[in-house]
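K.L.:
Each chain is listed here by its residues.
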Amino acid sequence: MRERAEDPREQAEDPTFPVDGAGEVDHPAEQPDEPLKEPPPLSPWLNNGVIVPTQAPVHDSYGPLVIGPGIVVHSVEDVLEWVRSHSLWMLMFGLACCAIEMMHANASKFDLDRFGIMPRGSPRQSDLLIVSGTVTYKVAPMVKRVYEQMAEPRWVIAMGNCATAGSLYFHDGYSVVKGVDQVIPVDVYVSGCPPRPEALIDGIVELRRLIEGKPTDRGREGRS
Amino acid sequence: MTSDRANQQRQARDELCEALGVRLSGQINCALTGPDEVLLVRLELDQYRPAAETLWDRGLDRLDFLTCVDWRDHFTLTLQVYSMDSGAVARLACDLPRDGVPAPTISDLWFLANWEEREAHDMFGLIFEGHPDLRRILLPEAWEGHPLRKDYVDRVGIERPQYF
Chain A
1 MRERAEDPRE
11 QAEDPTFPVD
21 GAGEVDHPAE
31 QPDEPLKEPP
41 PLSPWLNNGV
51 IVPTQAPVHD
61 SYGPLVIGPG
71 IVVHSVEDVL
81 EWVRSHSLWM
91 LMFGLACCAI
101 EMMHANASKF
111 DLDRFGIMPR
121 GSPRQSDLLI
131 VSGTVTYKVA
141 PMVKRVYEQM
151 AEPRWVIAMG
161 NCATAGSLYF
171 HDGYSVVKGV
181 DQVIPVDVYV
191 SGCPPRPEAL
201 IDGIVELRRL
211 IEGKPTDRGR
221 EGRS
Chain B
1 MTSDRANQQR
11 QARDELCEAL
21 GVRLSGQINC
31 ALTGPDEVLL
41 VRLELDQYRP
51 AAETLWDRGL
61 DRLDFLTCVD
71 WRDHFTLTLQ
81 VYSMDSGAVA
91 RLACDLPRDG
101 VPAPTISDLW
111 FLANWEEREA
121 HDMFGLIFEG
131 HPDLRRILLP
141 EAWEGHPLRK
151 DYVDRVGIER
161 PQYF
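Each protein sequence line maps, in turn, to chains A and B.
Taking my numbering, the leading residue of the first sequence gets 1, the next gets one more, and so forth.
Taking my numbering, the leading residue of the second sequence gets 1, the next gets one more, and so forth.
The hints are simulated quantities; they were obtained by calculation from the structure and are not laboratory data.
Since we're looking at a predicted model, the values are computed, not measured.
One or more of the hints may lead you astray.
Over the 10 Å line for every Cβ pair with chain B, so calculated as not near, a few chain A residues [claimed, not checked]:
# : residue
1 : L65
2 : A96
3 : G116
4 : A165
5 : V186
The calculated BS3-like cross-link candidates involving lysine-lysine, where the alpha carbons are at most 25 Å apart (straight line), are [unchecked claim]:
# : chain 1 : residue 1 : chain 2 : residue 2
6 : A       : K144      : A       : K109
7 : B       : K150      : A       : K144
8 : B       : K150      : A       : K178
9 : A       : K138      : A       : K109
Every residue, glycine too, gets a C-beta built ideally from N, C-alpha and C.
With the sequences and hints as input, model every part of the structure.
P.N.:
Right, dumping it as structure tokens:
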């Protein structure tokens, strides 16, 4: 049995085992004239890439932690909640006379666009469902289906007394669902018959505080 | 009521009454109701379909409404038709017993009667013979009872119906 590793000539003939240095051209190594300097520190708040806070975190505040000029430390979840609360795309979904007020809130006088709320034509593109009007037993499966088509995270505002609790159809109305929260979960209730656009905007601001985990005006703790 | 339009309406109404009398062989109960003197024809059940056909043939091409009244012992099926050309208005009222005797459909004459008869079926439980699609129109399919009947018992106060 031959031992190929001990014979350098046979090893050189085998192309799969080239001899060290074969086929290489020697280049003179370009040595720098002066040695590399130590790079200057990026900022006094960075120590070898580790962020050093220059102030103690304040637990009462909900905002981001500013540790220096241009440097903000914040959790990804809070940033996501901030982004989501400022770009609520609502579904164009009107059921009754509350939809007129919802359209009015969308129009130029009240301008829900300044809250980042834009009406969308498809539930698959929307984050916010404003149940604006009377929900009958006939239309309740459609409301539920629309809600189930929305991608998470999704929020629901029950606008007006009918969507909140059945309103004037509460006792004697045979055909009206006594509150849309029997069908789908509701985040914010807006009372009124119908509520004015200011009330709807108040509910939307309340929903934004809920999304951001801030304490709301009504004394309830938001999700955080 | 002295304008040409009013005279035309009155003339058309008289011709209509005459045509109804001819079609129903004189067995006709006509009256003029209201300040506008609208022709009201009270019919038996077997006169309902011939009278409606007569109105359709005379050019009363618009169905204003078709509804029902519950008198606790019987129903009254009521409809009003209108002519776009002559302005003639006619109302038909036909008494129906309460035990589910079917009424003939008029949805092949006025297309609007399709949905109106579905609504009367939904709210009062009337049966229209020959209707192409007699389903509930306003309430869920699984609904029990007919809410505008006087003897309807609402289930909402007793139990909460689950239709979703």
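K.L.:
If you check each hint against the structure, which ones fail?
P.N.:
Of the numbered hints given earlier, those the structure breaks are 6, 7, 9, listed in rising order.
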